[in-house]
Amino acid sequence: MTEDVRVGVDIGGTFTDIVAVRDGDVDVLKLPSTPDAPGQGVLDGLAEAAATVDLDPGSVAFFSHGTTVATNALLERDWADTALVTTEGFRDVLEIGRQTRPELYDFRTEKPRPVVGRDRRYEVPGRLDERGAEVEPLDEAAVRRVARDLAAEGVESVAVSLLFAFENDAHEQRVADLLRAEAPDLSVSLSSDVLPEIREYERTLATAVNAALEPVMDEYVGELERGIADAGVGADLKIMQSNGGIITASAARDRPVDTLLSGPAAGVQGAAHVAGRAGLDDIVTMDMGGTSCDVSLVRGGEPVISTERSVGDYPVSVPTVDVHTIGAGGGSIAWADEGDVLRVGPRSAGADPGPICYGRGGTEPTVTDAHLLLGRIDPGLFFDEGAADLSAVREGVRRAVADPLGVTVAEAAQGILDVANANMERALRVVSVERGHDPREFGLVAYGGAGPLHACRLAAELDVPRVLIPSAAGVLSALGLLISDIVYDYSTSMVRPWAAVDPSTLTDAFERFEQRGRERLAAEDRSPDAVTVDRALDLRYAGQSFDLRVAVPDGDLDETALSRVAERFHERHEGRYGYASPDEPLELVTVRLQARGVVDPPALDPPADGGAATPAEERTAAFDGTDHTTPVYRRADLTPGTTFDGPALVEGTESTTVVLPGQGAAVDDLGNLVVET
Amino acid sequence: MAAADLEIFRHRLESIVEEMGLTLQRTAYSTNIKIRRDHTCALFDADLRHVAQHDIAPQHIGTLISLVPSAMRDRSSDLERDLDPGDGVLINDPYQGNGALHLPDVVLVSPLFVDGEIVGYAANSAHHVDIGGSAGGGIPPTSTELYEEGLILPGIRAVQNWAYEENVLSLVTRNVRGSDERRGDYEAQLGANRIGYERYRDLVEERGADAVERSLDDLLDYTERRLRAAIADLPDGRYHAEDTMDGDGIEDEPLTLSLAVEVDGADVTFDFGGTAAENEGPLNCTPALAFAGALYPVMALLGADFPKNDGFYRPFETITPEGTMVNPSRDAPVAGGAEIAVRVGDLVLEALAEALPEETVAAGKGTIVNLSYGGVDPRTDEDYVYYETVAGGYGARAEKDGMDAVQAHFQNTANSPIEELETEIPLYVRRYELIPDSAGAGRTRGGLGVRRDVEFYDHEASFTVLADRATAPPRGLFGGRSGSTARYCLDPDGDEPVDLGSKRQVTLDPGDVVSVQTPGGGGYGDPFDRDPDAVRRDVVNGTVSVDHAREAYGVVVDESGEVDEAATAERRAGDDGAAGTRTDDGDGAADAGAGTGDGGPR
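Respectively, the protein sequence lines represent chains X and P. Under my numbering, residues 1 to 677 are what the first sequence spells out, in order. Under my numbering, residues 1 to 602 are what the second sequence spells out, in order.
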């Protein structure tokens, strides 16, 4: 049997995480990221792995990468000179958007800047009706004029988005041909390729974002492919998409819009995998750092996917792991407001200057400072000369919170944590309830620098029975890269009365998608029996403006199959909204197919059992206003099977876990900390 | 620690209304509630004090704080005897208490019983797509009585044991268009209150009713304390502004809307004295809605951070003289009330400009622009009704241009995608675009208005517009010019366009094109002080014409799209002999409002 060697590399803002799995053995490396040349971080990681853990690049059979290149280019608008070609009368759709203000109670709020400026937005006559039938022919002379203009202006990339192109792409294809004839070097993104779904603003936006990022991604991926080949890696480069599936590098070059949440998607996949192995299939993940906390849901082992997320200011409607960001982190600032009440956030000290205890000039007390004062964090983490600087922390809390409110510093610190937890509890509840779930039915998986400090308290407040703190929290993303399937999503809107839908039309559409998916996966050496296909329809009651996704069985569709789909829709509607209207006419909205090349997760050997752990030290820590002599464990010393009771502190390299009095903790066979609340 | 406990209590309470709001939104059937989020959930305590609100739709504030306590007290002096656990009361009567918004906003109130005693009330208000009456969508533009506007629910018990009484619900839904959809929305409203009941019951059982009431006292006092501290920071004075509305749909005579904002220490009075008499047509606004319209900009100026409860409203007094269009006599029509309330937002900001020159905003769209389309779909032979609103320019701000194409003040509802609209109704949207030169010039300019042209290509259709701003443009501030007025017309590109005014229902023949052109926002500061490069960018983008750049901004942009600096300097110094200088309103009619009027700073 050949050695199964897989490498996952996740590039984050600060660190690049590398996980190498060789026949069940896991090696984990962490290097500083290289923001100016992100691909260099990948190559540095390979070199480091070769040097320190003896990884032979030539043996790597699977190489997967999570990237923030597209995200950063979007956030910084550091992208290609891009134009838009659209239907006459509608060049401002991209700018008008949904006509709303981002903030209702802020007079200084701004709409997102249009991805393509008005002077680069071109209109061409030609019109399709709502079924895609031509009402007015495409004005080809007008398209040629646009093409010559684009060539003369030196535009690099163009988005083409015409009304109802999801019903009929003939006009868009013709525009592409004419543009390429006049300007052969132009990158062209068509809305009928990128997001062939109804709603012109969202489709045009996704297409424009794709066009603006395409040259950026093309260059990055090209360099990286050459780099790893030069380093001796024979395997193809694979890239994580926002939907939690991986694709080949060449697909990512064409569809950078699908990689905007590459990193977070890998993290959620990693968390889902680790939790699943610990017996938790329904979880809330909580990645809490210095300024914010990313929350997502996993149901039945699969991350919840949404097409309604925003990246930066832009509502990019491609399928995306449903990560919701809460403005609460270790750096959230505590203050006494003008009504004499203790508040925490939404302002954050961030990483710079950061909490007072960082000693980088921060003067406003933060959540991290409160943890420190209550003994939850080792002062040695921050201070060489502990005592002197701890007094600066104490002084900051006294000045900003304790004195204005007339309480002791210890009471103030406890109050800061209580209020911070109340903020987060409310936000976690919103995320769950908004998606139709009761948080009590979920486990909580907490990571990031601050997550494990808060998770056990939050779980108790939310009645979440079990918390999991992954052993390798910082490398969840890299691990996620190794266990995720290869996934291609296909969709097209076909809005029409359900009663008028011809089953053979649907069968044809599904078969077309399936063929494309299977061909694609075959070209990537996936054997046919490792390919699965999921078919679904988005349906709604006629007159509704939101739809529900219903799975469609395999095989040819007939009237009976369709009526079964309709029944399933009514059931789902009843389940989700509490009522169904079986006599109301239905409407078909979108046809979807997902082709999945199943990747067998690598076997991971549990860490060797090294015997019972004992506390490394004891420290006085305050819980609910009472000092407790609290054992402090080193994460690295905790071996599988170890159990201990709270109160306890567990110190790792990335974070400290707080286990409360009355809670019990155990280390599972993978080294995860499992706390029963 | 009390200072932390109160904050934790507040989060607990607000998360109850938040969960109510999310439940309503998630389970509602119609777009209005689900996507436009035109709904609000609230909790009241045992004494009918408003204690928490999920603040999605600010215009519902007035409805909730006036309607709920007044309607419940009118029912009985002993509500515990009048109501049973699991009961629910439906209300939409605009003439209950200080009023509601309009008939389509239906409120459901549920008493919350613990151990046989009422410990509070859960309530929510949702904008239903239809409430019966003479026009679909609840916007008859020429009604002369409330009865034409739909079904009036005076506070009737409609729910028992957390289920609608079928004979009440069937009466309601039989009187509205699209009864099945509406039924789903009523069920969603009940589900939201039920969640509110369960969560509030848990809170009361956990802490005890007395302790909860004490925390509520503290919370309301705390809110009032913070709000008064913020108001005390505003400069004292009586600030006045007025504007005119187009007319009421029956008679096209301009109508004065007048408002003085008086800041006195930690108190604020909104005085509508001087406002025109009530109208025969639907351009009337209840006092509660007028208050909500005035409150919105104040809330935005103070920041969103305040809890919304009775403590928040204590510092405000509203004077609405009886018999005026902000306090009409019983049963006058009110369908156009939001037109007045949204314009009140412009007036508050213009009035306060003198006191808060850096924080304020010039006038913007200042009209809701209610549109509805109705007819028989030739594809199915079925009736259809479609309702939408169109955005316009936002007013310029001290340091920023006004946003292009956004909603005004408390209105923040999304548009209908063209592809959805054309799929649902046999029509073509012909244009959906920004209107060049519609923005009021200024050191910062206003936002651009929007043009939406629609053609019903194969059938006769009725088109309804209930809007305003066809005669009075959004004014600029501190030398900024007015934005363009609105225009609602037929055959916009033909030889003889037909202006419809702002409140009309017309029948369109197949092939007719109707054009909705919304106002641009007012400018801020002298346009001759605007950065020439900003003007150049607008010219390159085609949002300001070369002529307008020269005339209004004194910036000369040459054919290559560059600023001619010499010609610009000359023009701005007034040496080129051309008409129009920095002190002149060269725009003519479009600037009717600038430099005139009283009270507002110029």
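Just so you know, the hints here were simulated from the structure itself, not pulled from any lab data. All residues carry an ideal CB built from backbone N, CA and C; glycine is no exception. Some hints could be false.
[To be verified] Ranges between beta-carbon positions, derived for each pair:
(1) Asp558(P) x Arg145(X): 43 to 51 Å
(2) Arg435(X) x Glu251(P): 37 to 45 Å
(3) Asp529(P) x Leu381(X): 38 to 46 Å
(4) Gly154(X) x Asp529(P): 47 to 55 Å
(5) Arg145(X) x Asp383(P): 41 to 49 Å
(6) Glu103(X) x Pro357(P): 15 to 23 Å
[Unchecked claim] Derived coverage of chain P by chain X (criterion: at least 3 residues anywhere in the stretch with Cβ under 8 Å from a Cβ of chain X; other residues may be distant):
(7) 76-87
(8) 139-150
(9) 410-417
How the hints compare with the structure:
{"no.": "1", "hint": "Asp558(P) x Arg145(X): 43 to 51 Å", "result": "23 Å, violated"}
{"no.": "2", "hint": "Arg435(X) x Glu251(P): 37 to 45 Å", "result": "52 Å, violated"}
{"no.": "3", "hint": "Asp529(P) x Leu381(X): 38 to 46 Å", "result": "54 Å, violated"}
{"no.": "4", "hint": "Gly154(X) x Asp529(P): 47 to 55 Å", "result": "34 Å, violated"}
{"no.": "5", "hint": "Arg145(X) x Asp383(P): 41 to 49 Å", "result": "44 Å, holds"}
{"no.": "6", "hint": "Glu103(X) x Pro357(P): 15 to 23 Å", "result": "22 Å, holds"}
{"no.": "7", "hint": "76-87", "result": "violated (count 0)"}
{"no.": "8", "hint": "139-150", "result": "violated (count 0)"}
{"no.": "9", "hint": "410-417", "result": "holds (count 6)"}
When held up to the earlier numbered hints, the structure conflicts with 1, 2, 3, 4, 7 and 8 and fits the remainder.
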